[in-house]
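Colleague: Protein chains in written order, with this note's numbering: chain U, 1 to 356; chain L, 1 to 356; chain F, 1 to 356.
Misleading hints may appear alongside valid ones.
To be verified - Taking lysine-lysine pairs in the DSSO-like style, the calculated list, with each CA pair at most 27 Å apart, reads:
hint, chain 1, residue 1, chain 2, residue 2
1, F, K61, L, K196
2, F, K68, U, K341
3, U, K99, F, K196
4, U, K61, F, K341
5, F, K68, F, K35
6, U, K316, U, K341
7, U, K250, U, K326
8, U, K131, L, K34
9, F, K196, U, K29
10, U, K298, F, K68
11, U, K327, L, K62
12, F, K326, L, K326
13, L, K327, F, K326
14, U, K316, F, K316
15, F, K35, F, K23
16, L, K196, F, K99
17, U, K326, U, K316
18, L, K326, U, K316
19, F, K99, F, K62
20, F, K131, L, K316
21, U, K327, L, K326
22, L, K196, F, K93
23, U, K341, U, K327
24, L, K326, F, K327
25, L, K131, F, K34
26, F, K341, L, K131
27, L, K62, L, K29
28, U, K298, L, K326
29, F, K316, L, K298
30, U, K23, U, K34
31, U, K131, L, K298
32, U, K68, U, K23
33, F, K326, F, K316
34, U, K327, F, K316
35, F, K131, U, K99
36, L, K326, U, K196
37, F, K327, U, K29
Stated by the list, open to error - Partner residues aside, some chain F positions facing chain L, computed with beta carbon under 10 Å:
hint, residue
38, K93
39, I95
40, F123
Please keep in mind that the hints were generated in silico from the structure rather than gathered at the bench.
From the three backbone atoms N, C-alpha and C, an ideal C-beta is built for every residue, glycine too.
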Amino acid sequence: MEFTINQVAGMLGGEVKGNGNEKINMLAKIQDAKKGQIAFLSNPKYEQYIYTTQASAVIVKKDFAPKKEISATLILVEDPYSSFTALLEEYHKMISFQKSGVEQPSFIGDNSTVGTGIYRGAFSYIGGNVKIGNNVKIYPHTYIGDDVVIGDNTVLHASVKLYSGTRIGSNCVIHSGTVIGSDGFGFAPQGDGTYKTIPQLGNVIVEDNVAIGANTVIDCATMFGDSTVVRQGVKLDNLIQVAHNVEIGKNTVIAAQTGISGSTRIGDNCIIAGQVGVAGHLVITNNTSIGAQAGILKSITEEGGQILGSPAFDVKEYFRAYAVFKKLPDLNSRLRELENKIRHLESRPVQEINTK
Amino acid sequence: MEFTINQVAGMLGGEVKGNGNEKINMLAKIQDAKKGQIAFLSNPKYEQYIYTTQASAVIVKKDFAPKKEISATLILVEDPYSSFTALLEEYHKMISFQKSGVEQPSFIGDNSTVGTGIYRGAFSYIGGNVKIGNNVKIYPHTYIGDDVVIGDNTVLHASVKLYSGTRIGSNCVIHSGTVIGSDGFGFAPQGDGTYKTIPQLGNVIVEDNVAIGANTVIDCATMFGDSTVVRQGVKLDNLIQVAHNVEIGKNTVIAAQTGISGSTRIGDNCIIAGQVGVAGHLVITNNTSIGAQAGILKSITEEGGQILGSPAFDVKEYFRAYAVFKKLPDLNSRLRELENKIRHLESRPVQEINTK
Amino acid sequence: MEFTINQVAGMLGGEVKGNGNEKINMLAKIQDAKKGQIAFLSNPKYEQYIYTTQASAVIVKKDFAPKKEISATLILVEDPYSSFTALLEEYHKMISFQKSGVEQPSFIGDNSTVGTGIYRGAFSYIGGNVKIGNNVKIYPHTYIGDDVVIGDNTVLHASVKLYSGTRIGSNCVIHSGTVIGSDGFGFAPQGDGTYKTIPQLGNVIVEDNVAIGANTVIDCATMFGDSTVVRQGVKLDNLIQVAHNVEIGKNTVIAAQTGISGSTRIGDNCIIAGQVGVAGHLVITNNTSIGAQAGILKSITEEGGQILGSPAFDVKEYFRAYAVFKKLPDLNSRLRELENKIRHLESRPVQEINTK
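Pulled out of the complex, with its shape left as it was, chain U reads as follows (with noise of 0.2 Å):
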């Protein structure tokens, strides 16, 4: 994964002033940057940066002026942040897909089938009836149950658990420690004060370009045929908790440690904030947005609204609300003493008067 710059500037259609035949391997700010590392240069602020850094190659705008002599060789491009980004998505993809072949002990169960360019790590698990499509990533200790389905190019990290049934797609990346397709919480209370399991028999189906964080877990959905359902598109975040036949809509995303109750519909682009709770058997609109720490206890209807609190209603006036909270004891002093007031004005002789 070495390129020499002149390669770099050919992949962004940029022009070279140095030696172009020096090798870079790896990115870096313009401010920490070593020799074999590429910087990049666009808010003038930093541009001091520029002359004593020891990056081997600078992106700069086309029209950069240096005031001084530069060791570093140039790449010259309409707009260097767009071009480095670009360079940093082509690394990420590379760092991500460069592992490939398996690792042993591996274990993989009877008519399991994957694609071409399949990374398994060593004590990864695959069971039986398995169809796993190409250049699909999956880092050890990764437990994949029976008749599972996966899509291209979806990255496993270490230790996600699919269980038996699980559907994930394609170009989806599901982070270490991640439970999918564990057992839903259902318990029929019975008269002795005992419950009775009621069986989980569905699955989860998490569809296209789906990226999971660590340690988040999705259960099955209850009936057989049915399942929990991410769109494609969703982001969800580390820690989080989607119950059994949830549905998330498309491009929805959720930050870390909220939880989903069993059988809510959360549309499609809603944002979600961290640590969000949403009661079962909603609805909840697309683009909708909801901030952090707020309990949902009704299906939300209009599209576009903001909420917070517990529960939740329009966050303008959650806070107008709140502001007036923080000054409750204040608010109770002054009614106090309009009512020592009221009693003094309603004391005031004024029958007397009338009578006079």
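Keeping the supplied structure of chain U fixed, place chains L and F upon it in accordance with the hints.
Modeller: For chains L and F alone, coordinates are given in the frame of chain U:
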């Protein structure tokens, strides 16, 4: 796991109408069922589907009178819904307990014994001096430390972690990623601002018929001979925190992401919703019901209470207070208006009248 | 791990009364202790037990004068409680560090080095270019990615996951299921409602003497060369979320289920209770104390503050406001009553009097 329709009817004490020799291997909803599957019809709303279903068999009420021709074989019973549920449970049991034998590689330490009918998945780890009962299912990547004891018929899903000395009863189910017996969070502040670790030397005892969700954590007790205890019949959801020396009483149910702080005792038959926080060293009496996101700062001594809020109090009072909270800006305005009016009233020339 | 009572007395600088050659192998509470175990008597309330205990040895105060016969051997010391605690710590250290050697199968990549006295449990995975110090204990199913560095005497419990490039100091303890170095939650919204992944290329640095509980997650920093940093002496409980680019200052303690959002800096010697949420890009100054379930939306600049609520403010003010909150329906009634009274006062025929 294939039965003839006659065999299934036999289990249910039902009567067969049609070809009882056909084989079925799956349960399904009547609107989704395919050949080889069995469905049920209980709610008349769904009657339409029985005339078009591809199910091989449908369980119906004894007195069901078809209005058109039905291609599926019928099984006539008293109560189709409970018959179907009974089948579901049988099926679930079969699924759960179908795994058996030892996959390789797996690890077992010295002086450890396992019962009959056991499943030990690949990459499962059993330490030394471990005692495991009959029909226990240990999925891949499960870690069982030294000196652990596990009763009969217990299922440990992939990557459950039991620290040394943990005791798990019979008929328990523990889901993936759950950690039992990790160190309690005990640190003694030192004069220089650092903390000294208080050794955590107790263990965790989980009694019979307990279900624990995924990625939950139960810490061990601090002292030798002491235990964090989860009593029989308790059901814990995903991502729950149970701190050192906690005791959770019989048949108590706790939803996802709730945390119980150290040395607190939760009574029997309590229902605790999601994202609740309970402070340390409290006693929560039997039959207490705690609403989602509540924060419990003091012991609860009166049975049958329902509480909400942080700090929590009676749920009905909480909602009444919260209803006013939402109108606090309005309350504040009304108060200000009264203050103005009173100022006005006070300035009325009452004295002058008197002196006139 | 068996010692004679004489040996233990030697460690404690105590005097033996009785048979010093008897062997002990465990510590226990005086009321529970059995043969082969050692207990202590400090609080006079427990004196009764010393006459009936089956402990082989009891640590007592130098000037302890028994009122009856005692069968246990006594060890006379200045301060029985600290002597027992010292023994506990020694025992704990022995337990923690008794594991050594390499169990098979285990995996180690190219160019990786490990120190002396190491334990590598079965199914543990060490990637390439990893550097591990002396006396490090790596429990089964632990995943250590490429280029990781770990100091001396650190313990990684079963199934800890360290992503590539993570740095862990010396004398750290990390509990099961914890994930360090997973991708930060960074996505750039696109015009069509989808999100583009922002590559996460930094790492995580955990300094010396840090303890981290079970199933906690610490994300890596976004940019190359940047790090999410956990400073020396920090203690993190279970199920905590630490987002990308966060820095947690020296000796700060954080309880379970708390979440710190991206790029926030927590100061030194802070105490953060459970289920707290801290928003992103904030600075929390040293010695700040944050109560359970608090939500922090702005930076805290004054040292020594104690805050509560969501959004949080001074804890005493919070409780005062909350006390009034609970009586809001009553406040509302009082306000309504005042409004009625004022309406009545205003309607008094003052004008008429004046004109009289």
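Colleague: The structure should be examined with respect to each hint, and the outcome stated for every one.
Modeller: Hints versus structure:
{"no.": "1", "hint": "F:K61 with L:K196", "verdict": "holds (25 Å)"}
{"no.": "2", "hint": "F:K68 with U:K341", "verdict": "violated (74 Å)"}
{"no.": "3", "hint": "U:K99 with F:K196", "verdict": "holds (23 Å)"}
{"no.": "4", "hint": "U:K61 with F:K341", "verdict": "violated (74 Å)"}
{"no.": "5", "hint": "F:K68 with F:K35", "verdict": "holds (20 Å)"}
{"no.": "6", "hint": "U:K316 with U:K341", "verdict": "violated (34 Å)"}
{"no.": "7", "hint": "U:K250 with U:K326", "verdict": "violated (39 Å)"}
{"no.": "8", "hint": "U:K131 with L:K34", "verdict": "holds (22 Å)"}
{"no.": "9", "hint": "F:K196 with U:K29", "verdict": "holds (22 Å)"}
{"no.": "10", "hint": "U:K298 with F:K68", "verdict": "violated (69 Å)"}
{"no.": "11", "hint": "U:K327 with L:K62", "verdict": "violated (67 Å)"}
{"no.": "12", "hint": "F:K326 with L:K326", "verdict": "holds (13 Å)"}
{"no.": "13", "hint": "L:K327 with F:K326", "verdict": "holds (14 Å)"}
{"no.": "14", "hint": "U:K316 with F:K316", "verdict": "holds (25 Å)"}
{"no.": "15", "hint": "F:K35 with F:K23", "verdict": "holds (9 Å)"}
{"no.": "16", "hint": "L:K196 with F:K99", "verdict": "holds (23 Å)"}
{"no.": "17", "hint": "U:K326 with U:K316", "verdict": "holds (16 Å)"}
{"no.": "18", "hint": "L:K326 with U:K316", "verdict": "holds (11 Å)"}
{"no.": "19", "hint": "F:K99 with F:K62", "verdict": "violated (36 Å)"}
{"no.": "20", "hint": "F:K131 with L:K316", "verdict": "violated (59 Å)"}
{"no.": "21", "hint": "U:K327 with L:K326", "verdict": "holds (14 Å)"}
{"no.": "22", "hint": "L:K196 with F:K93", "verdict": "holds (13 Å)"}
{"no.": "23", "hint": "U:K341 with U:K327", "verdict": "holds (21 Å)"}
{"no.": "24", "hint": "L:K326 with F:K327", "verdict": "holds (14 Å)"}
{"no.": "25", "hint": "L:K131 with F:K34", "verdict": "holds (22 Å)"}
{"no.": "26", "hint": "F:K341 with L:K131", "verdict": "violated (77 Å)"}
{"no.": "27", "hint": "L:K62 with L:K29", "verdict": "holds (19 Å)"}
{"no.": "28", "hint": "U:K298 with L:K326", "verdict": "holds (16 Å)"}
{"no.": "29", "hint": "F:K316 with L:K298", "verdict": "holds (17 Å)"}
{"no.": "30", "hint": "U:K23 with U:K34", "verdict": "holds (12 Å)"}
{"no.": "31", "hint": "U:K131 with L:K298", "verdict": "violated (53 Å)"}
{"no.": "32", "hint": "U:K68 with U:K23", "verdict": "holds (24 Å)"}
{"no.": "33", "hint": "F:K326 with F:K316", "verdict": "holds (16 Å)"}
{"no.": "34", "hint": "U:K327 with F:K316", "verdict": "holds (13 Å)"}
{"no.": "35", "hint": "F:K131 with U:K99", "verdict": "holds (20 Å)"}
{"no.": "36", "hint": "L:K326 with U:K196", "verdict": "violated (40 Å)"}
{"no.": "37", "hint": "F:K327 with U:K29", "verdict": "violated (56 Å)"}
{"no.": "38", "hint": "K93", "verdict": "holds (8 Å)"}
{"no.": "39", "hint": "I95", "verdict": "holds (8 Å)"}
{"no.": "40", "hint": "F123", "verdict": "holds (5 Å)"}
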